[in-house]
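Top line first, the protein sequences correspond to chains A and B. All residue numbers for the first sequence refer to the numbering used here, where the first residue is 1 and numbers rise by one. All residue numbers for the second sequence refer to the numbering used here, where the first residue is 1 and numbers rise by one.
Bear in mind the hints are in silico, worked out from the structure with no lab data behind them. Careful, some of the hints might be misleading.
Said to hold, decoys possible - Derived CB-CB ranges, DEER-like:
| no. | chain 1 | residue 1 | chain 2 | residue 2 | range |
| --- | --- | --- | --- | --- | --- |
| 1 | A | R149 | B | A117 | 36 to 44 Å |
| 2 | B | A134 | A | E278 | 23 to 31 Å |
| 3 | A | G23 | B | E238 | 35 to 43 Å |
| 4 | B | R226 | A | I181 | 43 to 51 Å |
| 5 | A | E278 | B | Q252 | 52 to 60 Å |
| 6 | B | N28 | A | R275 | 34 to 42 Å |
| 7 | A | R275 | B | E238 | 47 to 55 Å |
| 8 | B | L163 | A | I19 | 15 to 23 Å |
| 9 | B | S164 | A | G23 | 55 to 63 Å |
For each residue, glycine too, the CB sits at the ideal point set by N, CA and C.
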Amino acid sequence: MTDSHRPLFQATPLRILQISTAGSLLLLMALGWIYFAVPIPDAYWNDKAADILIILASIGAALAGIRVARLFKFEEAPWRIWWAFTIGLWCWLGGEISGLVYDAIYWDTGYPPLTLIDLFWILGYMWLGLSLYYQYRLIYGRQDKRGTRYYAGLILLALLLTALLTNLAASVGLAEGYPWIILFITVLYPVFDLAEGVGALRLSLLFGRGHWSRPWWGLILFALADSINSFYWLGGYAWLSPVMQTIFNVITNLAYPAGYLVAGLALLVNYYLIRDGEIAGLIVPKLKDHTK
Amino acid sequence: MWHFFTRAESPRSTDLPVPPELEFQGRNATGLIEKRTAQGEHFALLLAGGIPIGAYHLSATTATPISPSDVISMPAGQQHVVELPDAAGRLVWLALESSPKRRLSLSGGKDWQEKRAAWQASHWSGLVEILAGAYQAFVFFWQGDILAVDAALYTPQGFVAGLSAIEQIDAPQWEVTLYEWQDTSPAYQYFILRQATVRWCHKILRRYQELVGRNLLLIMDREVNRSLQPWNWRLELEDDMLHDAHFFPRLQSAAHAYRALFMGIGAQMSFMIGDQMAQRLFSEAFETNLTEEIAALQTQRLIPAAFTD
Numbered sequence: 001m002t003d004s005h006r007p008l009f010q011a012t013p014l015r016i017l018q019i020s021t022a023g024s025l026l027l028l029m030a031l032g033w034i035y036f037a038v039p040i041p042d043a044y045w046n047d048k049a050a051d052i053l054i055i056l057a058s059i060g061a062a063l064a065g066i067r068v069a070r071l072f073k074f075e076e077a078p079w080r081i082w083w084a085f086t087i088g089l090w091c092w093l094g095g096e097i098s099g100l101v102y103d104a105i106y107w108d109t110g111y112p113p114l115t116l117i118d119l120f121w122i123l124g125y126m127w128l129g130l131s132l133y134y135q136y137r138l139i140y141g142r143q144d145k146r147g148t149r150y151y152a153g154l155i156l157l158a159l160l161l162t163a164l165l166t167n168l169a170a171s172v173g174l175a176e177g178y179p180w181i182i183l184f185i186t187v188l189y190p191v192f193d194l195a196e197g198v199g200a201l202r203l204s205l206l207f208g209r210g211h212w213s214r215p216w217w218g219l220i221l222f223a224l225a226d227s228i229n230s231f232y233w234l235g236g237y238a239w240l241s242p243v244m245q246t247i248f249n250v251i252t253n254l255a256y257p258a259g260y261l262v263a264g265l266a267l268l269v270n271y272y273l274i275r276d277g278e279i280a281g282l283i284v285p286k287l288k289d290h291t292k
Numbered sequence: 001m002w003h004f005f006t007r008a009e010s011p012r013s014t015d016l017p018v019p020p021e022l023e024f025q026g027r028n029a030t031g032l033i034e035k036r037t038a039q040g041e042h043f044a045l046l047l048a049g050g051i052p053i054g055a056y057h058l059s060a061t062t063a064t065p066i067s068p069s070d071v072i073s074m075p076a077g078q079q080h081v082v083e084l085p086d087a088a089g090r091l092v093w094l095a096l097e098s099s100p101k102r103r104l105s106l107s108g109g110k111d112w113q114e115k116r117a118a119w120q121a122s123h124w125s126g127l128v129e130i131l132a133g134a135y136q137a138f139v140f141f142w143q144g145d146i147l148a149v150d151a152a153l154y155t156p157q158g159f160v161a162g163l164s165a166i167e168q169i170d171a172p173q174w175e176v177t178l179y180e181w182q183d184t185s186p187a188y189q190y191f192i193l194r195q196a197t198v199r200w201c202h203k204i205l206r207r208y209q210e211l212v213g214r215n216l217l218l219i220m221d222r223e224v225n226r227s228l229q230p231w232n233w234r235l236e237l238e239d240d241m242l243h244d245a246h247f248f249p250r251l252q253s254a255a256h257a258y259r260a261l262f263m264g265i266g267a268q269m270s271f272m273i274g275d276q277m278a279q280r281l282f283s284e285a286f287e288t289n290l291t292e293e294i295a296a297l298q299t300q301r302l303i304p305a306a307f308t309d
């Protein structure tokens with residue numbers, strides 16, 4: 001091919017990843033601008049602009065998840081890990097879209113007690129938790145014959161703990177006037193966040209600088225963002241100085257979409273590594289000099 | 001009568017422009033030279049990749065090590081020169097360094113199958129030589145297992161590797177010799193080191209495949225194989241197996257090659273699953289090796305901590 005016929009853009013994995021990373025950074029900057037500069041005077045549309053950007057990020061992560069999961073055969077252990085992870089991301093995408101729709105309907109009146117958003121979020125937590133469970137089982141419990149029923153037991157335990165915490169919260173007068181189930185769901189999120197955040201953190205420490213750790217970084221960021229929200233909900237906002245409030249606001253508002261972006265980018269890198277191997281141009285292992 | 005591969009066609013000494021040991025050396029080839037003096041004494045010289053690694057004074061049942069230079073300088077009365085595949089060379093070396101312990105007569109392949117099944121069931125370790133008509137074979141058993149590469153058969157058409165070839169010997173009568181080795185013999189130490197390496201490597205690769213799937217395992221195989229290419233070792237990763245068809249002339253050379261191999265595996269694995277997890281895979285697999293295997297690997301500093309940060 002002569003120079004005059006050479007395409008201006010060659011979609012190599014490296015180029016695609018560079019563009020995706022740049023796009024992700026731009027998206028985060030745009031979100032920061034929308035949150036803190038409030039460029040659209042109408043609060044509803046300002047909020048929706050942010051929601052749409054977050055939906056874009058979550059679509060990217062969910063699509064990258066599909067790409068990775070499809071590279072494994074059913075009989076391979078990572079198949080179930082990455083399909084569970086991907087389904088979790090799709091559930092959360094469902095939650096994001098539902099949130100947009102509910103806002104359009106209930107912006108002025110407030111949400112009904114139970115929403116589709118909660119259903120999608122909780123399902124998302126369960127699938128992401130399942131992927132964590134499968135990953136841990138693969139690392140630690142190869143000989144363990146306990147199947148997914150054991151995971152169901154863990155979920156049950158989390159629900160019981162949440163019920164206890166809910167009763168405790170109700171007894172100290174938190175969320176007064178709300179039905180018990182609403183309080184229960186509100187408490188359920190930080191319980192799941194904490195469990196999955198710690199699980200993902202431990203995994204990322206286990207996998208260290210390896211590429212296998214990186215999709216889990218997304219879960220850590222979600223947990224971080226949600227922990228701050230839970231802290232606010234418990235009344236923590238009032239305890240913070242204005243400077244700290246701003247710092248916490250920046251973290252919580254940006255860590256959450258960054259969770260999607262980091263998970264999506266990490267999945268995309270893994271997709272190219274698994275699909276193309278060395279020709280993806282992404283493999284730069286530390287080569288040790290073994291000739292000495 | 002020659003001891004090894006009697007029917008193999010040996011070039012006459014007058015046809016060789018240079019002595020056979022120089023010929024092997026020039027081509028980095030593995031081979032065996034048997035010499036018989038006018039007094040009827042019988043000697044063997046074994047070369048690995050062109051390098052003399054052992055010389056022996058042969059009797060009907062024993063092989064006494066002597067200096068290779070003694071055999072090289074010996075005037076060739078009659079000589080029998082056979083170029084060997086590396087795998088066969090390694091087995092011949094082990095046979096020369098071992099002593100016959102037991103002889104059996106088998107009536108063909110069916111008897112062999114039964115014996116083999118019994119040895120496998122009892123996790124027997126030893127070297128077996130089979131003489132059957134024009135065929136001569138060596139098979140190395142380790143804890144009842146046989147690596148395909150550790151079975152070499154000489155047929156009138158040449159050497160054939162692999163256990164399946166042995167099962168196709170069509171001679172009715174098989175004379176089988178079981179050899180017993182000395183733990184201190186370099187040939188035995190090399191075999192143990194190699195067995196340990198192959199088995200350890202297999203366990204690491206199998207576990208890595210479990211964690212990351214077959215695609216990434218194959219990518220690692222390709223990368224490691226590529227990194228080993230410049231050395232011209234006949235070492236190759238294929239799926240979750242290490243195929244080692246190289247005859248290293250010294251234990252240290254083998255250890256050096258295996259070190260390079262594990263370094264490559266460690267670097268590739270760390271890239272995907274991180275140093276700590278790679279270390280964990282190396283260690284888990286190492287601990288399941290047999291005591292003799294662990295000792296052989298440790299002696300050469302082939303230990304998990306050496307291959308991951």
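Quick rundown of the hints versus the structure:
With their beta carbons about 40 Å apart, R149/A and A117/B fall inside the hinted range of 36 to 44 Å. The beta-carbon spacing between A134/B and E278/A, approximately 47 Å, falls outside the hinted interval of 23 to 31 Å. A hinted range of 35 to 43 Å for the beta carbons of G23/A and E238/B is consistent with their spacing of about 40 Å. Look at R226/B against I181/A: about 60 Å separates their beta carbons, and that is not inside 43 to 51 Å.
Here the CB-CB span from E278/A to Q252/B is close to 31 Å, at odds with the stated 52 to 60 Å. Judged by the Cβ atoms, the range 34 to 42 Å given for N28/B and R275/A holds: they are separated by roughly 40 Å. The hinted window of 47 to 55 Å between R275/A and E238/B is violated, with their beta carbons roughly 21 Å apart. At roughly 53 Å, the beta-carbon separation of L163/B and I19/A lies outside the given 15 to 23 Å, and the hint is violated.
Checked against the given bound of 55 to 63 Å, the beta carbons of S164/B and G23/A, roughly 56 Å apart, stay inside it.
Comparing the model with each earlier hint shows violations of hints 2, 4, 5, 7, 8; every other hint is respected.
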